[in-house]
Amino acid sequence: MADTKLLQTHYSKSIHGSHILHFHNVLDAYGHLSFRHPTDSSLFFMACSIAPALIATEADLIEYRVSDGEPTNPNAAQGYIERYIHSEIYRRFPDINAVVHSHAESVIPFTISGVLLKPCYHMAGFLNPNGVPVHDSANDVVAPNVPDLLVRNTYMGEALARRFDGDNKVTLMRGHGYTVAAKSIELAVFYAIYTQKNAAIQSAAVGLIAAVGGSMRNLRLLNDDEARERTASVATTAKRAWELWVVEVSDSTLYPKH
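For what it's worth, full-length UniProt numbering labels the leading residue of the sequence shown as 1, then goes sequentially.
Hints are computed from structural coordinates only; laboratory data are not their basis.
C-beta: ideal position from N, C-alpha, C; glycine also.
Hints are not guaranteed to be accurate.
[To be verified] Okay, the calculated beta carbon distance ranges per label pair: (1) 166 / 233: 30 to 40 Å; (2) 159 / 30: 34 to 44 Å; (3) 2 / 72: 16 to 26 Å; (4) 254 / 148: 27 to 37 Å; (5) 74 / 221: 47 to 57 Å.
Work the whole structure out from these sequences, hints included.
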């Protein structure tokens, strides 16, 4: 009974999380959130092929095996092509319990420009202060897959998952978007939202410096110590943001009640 209640809680958090990510423009009709089964680490859940804002009940979620990214029910509804992003991160990192994949436009320039995304303000200290790594899935394409930048199999998912070594929490994907890995649904949503916000702030700061003919040496970013300490402190306050975000989406007529 306790295990069932815990799983139901995760279902609810997952649905709220997808709605929150849509509300904050991290997800649109595309992108996805997943979570590891809370009592069986060999399994994970993510939605069927549906827009995140429209996920309504646990019936919209599919149970997958971590080992190969395939559904436990062979008759399951159609799922997302890129579920292997999620399965391979879970397979490589036993302590990761939630993953978000986003195509947020504010982040895309940092995947194609050679400009490194770095933590600019205190809410994004979880970003790598040396620059968030950029993964290029074009390097992983093998026949019969086509070079469409999608992560279509476990081989491609494993290549991406390696980018999270060293406690990295966010990886950019060239011409595609970014992926976040975290220890909880709440933290994954938090990281995804503030990665997007940090990207917008960094772009605005660079543009402002350029507009006045300034030097990029004037761009003050978080140093290693600041980033480390902020990552620790954010983990203790993320609940505050989550509670607000749940109320926001619960009060919206767009998102299905569950």
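Here is how each hint holds up against the structure:
For the pair residue 166 and residue 233, the beta carbons lie near 21 Å from each other, so the given range of 30 to 40 Å is not met. For residue 159 and residue 30, the hinted distance range of 34 to 44 Å is not satisfied, since their beta carbons lie about 21 Å from each other. A C-beta distance of roughly 22 Å is found between residue 2 and residue 72, which places it inside the suggested range of 16 to 26 Å. Residue 254 and residue 148 have their C-beta atoms about 30 Å apart, which keeps the hinted 27 to 37 Å range intact.
In this structure, residue 74 and residue 221 meet the distance hint of 47 to 57 Å, their C-beta atoms being roughly 49 Å apart.
This entry does not satisfy hints 1 and 2, going by the numbered hints stated previously.
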